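J.: Sequence:
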Amino acid sequence: MKFRLDDSIYRPFMERMAELSQTLTSIAQKAGTGNPRFEAAWQRLHRVLVRDKFYEYRVRDRFDLRALSIALGEKRSLRKSIRVTPDLLEAVDEITLKPSSLFVDSLYQYYLRDLDCLDSPKEVGQWLCNKRALLGTANVHDEYILGDNGPKTLAIEAIKRSAEFDSEVKRFGLQDYAHGDFIKRAKQIYYVEQLKSIPLNQPHWLLEEVCRPDVYESRYDESALLGHKVLEILIRRAPAQGIDKSWQECVLAIGGDPRVPRGHLRFVKWWTQIPQDLIKKVHAWLSKLDLKLFLDALEDYSNTFGDADMQRMFPTRKQFLEGLHDKGAIVHTKLYLSRKADYFIKKSYRPEHVPDYSIVNNGDISVIYAELTHGHMVEGSHNCQIWFYERLHSSAPVLSLGSERRSYRSLTKGMDEEMSIYDCNAVDHFPHNPSRFGWQRRSVQVLQAMGVDISASDVLSSENYKQYKRFYGVD
Numbered sequence: 001m002k003f004r005l006d007d008s009i010y011r012p013f014m015e016r017m018a019e020l021s022q023t024l025t026s027i028a029q030k031a032g033t034g035n036p037r038f039e040a041a042w043q044r045l046h047r048v049l050v051r052d053k054f055y056e057y058r059v060r061d062r063f064d065l066r067a068l069s070i071a072l073g074e075k076r077s078l079r080k081s082i083r084v085t086p087d088l089l090e091a092v093d094e095i096t097l098k099p100s101s102l103f104v105d106s107l108y109q110y111y112l113r114d115l116d117c118l119d120s121p122k123e124v125g126q127w128l129c130n131k132r133a134l135l136g137t138a139n140v141h142d143e144y145i146l147g148d149n150g151p152k153t154l155a156i157e158a159i160k161r162s163a164e165f166d167s168e169v170k171r172f173g174l175q176d177y178a179h180g181d182f183i184k185r186a187k188q189i190y191y192v193e194q195l196k197s198i199p200l201n202q203p204h205w206l207l208e209e210v211c212r213p214d215v216y217e218s219r220y221d222e223s224a225l226l227g228h229k230v231l232e233i234l235i236r237r238a239p240a241q242g243i244d245k246s247w248q249e250c251v252l253a254i255g256g257d258p259r260v261p262r263g264h265l266r267f268v269k270w271w272t273q274i275p276q277d278l279i280k281k282v283h284a285w286l287s288k289l290d291l292k293l294f295l296d297a298l299e300d301y302s303n304t305f306g307d308a309d310m311q312r313m314f315p316t317r318k319q320f321l322e323g324l325h326d327k328g329a330i331v332h333t334k335l336y337l338s339r340k341a342d343y344f345i346k347k348s349y350r351p352e353h354v355p356d357y358s359i360v361n362n363g364d365i366s367v368i369y370a371e372l373t374h375g376h377m378v379e380g381s382h383n384c385q386i387w388f389y390e391r392l393h394s395s396a397p398v399l400s401l402g403s404e405r406r407s408y409r410s411l412t413k414g415m416d417e418e419m420s421i422y423d424c425n426a427v428d429h430f431p432h433n434p435s436r437f438g439w440q441r442r443s444v445q446v447l448q449a450m451g452v453d454i455s456a457s458d459v460l461s462s463e464n465y466k467q468y469k470r471f472y473g474v475d
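Start counting the sequence shown at 1; every next residue gets the next number (UniProt numbering).
If you're looking for bench data, these hints aren't it; they were derived computationally from the structure. Every value quoted in this text rests on a predicted model; they were computed, and no experiment measured them. Be aware that a few hints might be false.
To be verified - Distance condition first, Cα-Cα at most 35 Å in a straight line; then the derived DSBU-like pairs of lysine-lysine:
1. K187 <-> K280
2. K229 <-> K187
3. K346 <-> K413
4. K340 <-> K288
5. K80 <-> K122
6. K75 <-> K184
7. K98 <-> K152
8. K466 <-> K288
9. K196 <-> K152
10. K229 <-> K184
11. K292 <-> K413
12. K152 <-> K53
13. K75 <-> K53
14. K346 <-> K245
15. K160 <-> K280
16. K347 <-> K292
17. K187 <-> K152
18. K292 <-> K318
19. K152 <-> K280
20. K280 <-> K229
21. K245 <-> K187
22. K229 <-> K160
23. K269 <-> K327
24. K413 <-> K327
25. K269 <-> K288
26. K196 <-> K170
Input sequences plus hints: build the corresponding full structure.
T.: Here it is, written out as structure tokens:
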């Protein structure tokens, strides 16, 4: 025989028991709060918190400790002014080596909810671990939760056990703090560690998650932010060429363009912790992106203004520059956009997904400088000349790091004149004569003379190369 009992019969009694339990907890917390000495202690602490001057506060006796216990459980707008420091805990120890369970429990909850407010989480965690053991309220997970880096430990444990993050939170008994700083940070670290196993060089929802400022600006451990780990994982895993747009945009959104002076705040914050070989890898990606932006701006100009000459020359310029890059001949680039091109880029791209570039402050011509495996090249839009140098003096404007404004002349004829002072003038420069692939042939000859491993077949489309061979034979 089977019996079926309706839960609704017992639900009111269960809810009433929960209310009574909460009431008892509240009574325990407020025990002794009617004492005039407690009231004075509370008023003194409350005034300090309201004025956000907790640095003036000193705990002097058990009444101050009880007041602080209550404040640790107050609404966030009030408790955010509290600063739990090693000095504060030392003062507590001077009052009593065995503080009340109310104070220890309140501090434990504060630790889980407001971890980001702690300047010394390691010391606070160790103090809590010792006191909970002394009071007999410790649990088997305290050494993980209150250890050197509790959030990281929780995240790594979940990954080791191949467990869902929320399941691991419950196993640690922390489900009541799901919205606190501790769990939030642990979940972010969990996501970052998962980046090590997401499909290589493919879009993934985790990339969007870790590119949020509140995620990548949060702490991973004592020496690194989450963003540092994201950068290192993604850059190390990604291919040297052909990086997926989603991976590249994530790197740029976090670290920005590393091609800035080493003293630049962005470089100091994000790139000093990244190995040099990985930074060079990013340089190569951004050179490709520079080329794309340069070509996008050219194409937009020709279409917007109906420039027939630009429309005619665009495909061959594009093929030449991309061919050089795909061959591995380009080591580093610097992009100079006209004001119209700058407007187009800002209209077409999100700022966090664009590398640094400089501005040509006169005319409509954009310029791209390329450091080659051997030598240097300066290429421009419109009917400008292409310039080749075997070497450049350190004073060359194209070698400066960071964004700047330059005149078109200072990047072309003016730079050649300046370099001639140091016997570094251009080895050749000429216009883009399209007849019989004249400018491409001359460019390849100059590049080969400088030692660049390149041939006409690398910089011409297959159809154009067939025509080229009819004129000149196999290169």
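J.: Does each hint fit the structure? Answer for all of them.
T.: Structure-based check of all given hints:
Annotation: proposed proximity of K187 to K280 holds, straight-line Cα distance about 31 Å (limit 35 Å). The suggested pairing of K229 with K187 holds, with an alpha-carbon distance near 14 Å, which does not exceed 35 Å. Taken as a hint, the K346 and K413 pair is honoured in the structure, with Cα atoms around 29 Å apart against an allowance of 35 Å. About 21 Å separates the Cα atoms of K340 and K288, which keeps this hinted pair within 35 Å; it holds.
Between K80 and K122, the direct Cα distance comes to roughly 19 Å. Compliance with the 35 Å bound is thereby established for this hinted pair. About 19 Å separates the Cα atoms of K75 and K184, which keeps this hinted pair within 35 Å; it holds. The suggested pairing of K98 with K152 holds, with an alpha-carbon distance near 29 Å, which does not exceed 35 Å. Restraint check for K466 and K288: the C-alpha separation of about 27 Å stays at or below 35 Å, so the hint holds.
A threshold of 35 Å between alpha carbons decides the hint, and for K196 with K152 the separation of about 15 Å falls inside it, so the pair holds. Note on K229 and K184: the hinted pairing holds, with a Cα-Cα distance of about 17 Å set against a maximum of 35 Å. Distance hint between K292 and K413 is fulfilled; the C-alpha atoms sit about 25 Å from each other, no more than 35 Å. Only pairs whose Cα atoms come within 35 Å are accepted, and K152 paired with K53 is accepted, the gap being roughly 32 Å.
Note on K75 and K53: the hinted pairing holds, with a Cα-Cα distance of about 17 Å set against a maximum of 35 Å. In summary, the hint linking K346 to K245 is supported, as the alpha carbons are separated by about 18 Å, within the 35 Å threshold. With a C-alpha separation of about 33 Å, the suggested pair K160 and K280 falls inside the 35 Å cut-off, and the hint holds. With a C-alpha separation of about 15 Å, the suggested pairing of K347 with K292 holds against the 35 Å cut-off.
Of the supplied pair hints, the one linking K187 and K152 holds, its CA atoms being roughly 9 Å apart against a limit of 35 Å. Taking the CA atoms of K292 and K318, the gap is near 9 Å; set against the 35 Å cutoff, the hint holds. This hinted pair checks out: K152 and K280 have alpha carbons roughly 29 Å apart, not beyond 35 Å. The suggested pairing of K280 with K229 holds, with an alpha-carbon distance near 17 Å, which does not exceed 35 Å.
Taking the CA atoms of K245 and K187, the gap is about 25 Å. The hint holds against a cut of 35 Å. Of the supplied pair hints, the one linking K229 and K160 holds, its CA atoms being roughly 18 Å apart against a limit of 35 Å. With a C-alpha separation of about 33 Å, the suggested pairing of K269 with K327 holds against the 35 Å cut-off. A C-alpha spacing of about 28 Å is found between K413 and K327, which places the hinted pair at or below 35 Å, so the restraint holds.
Distance restraint check for K269 and K288: the Cα-Cα separation of roughly 25 Å lies within the 35 Å cut-off, and the hinted pair is therefore satisfied. Restraint check for K196 and K170: the C-alpha separation of about 25 Å stays at or below 35 Å, so the hint holds.
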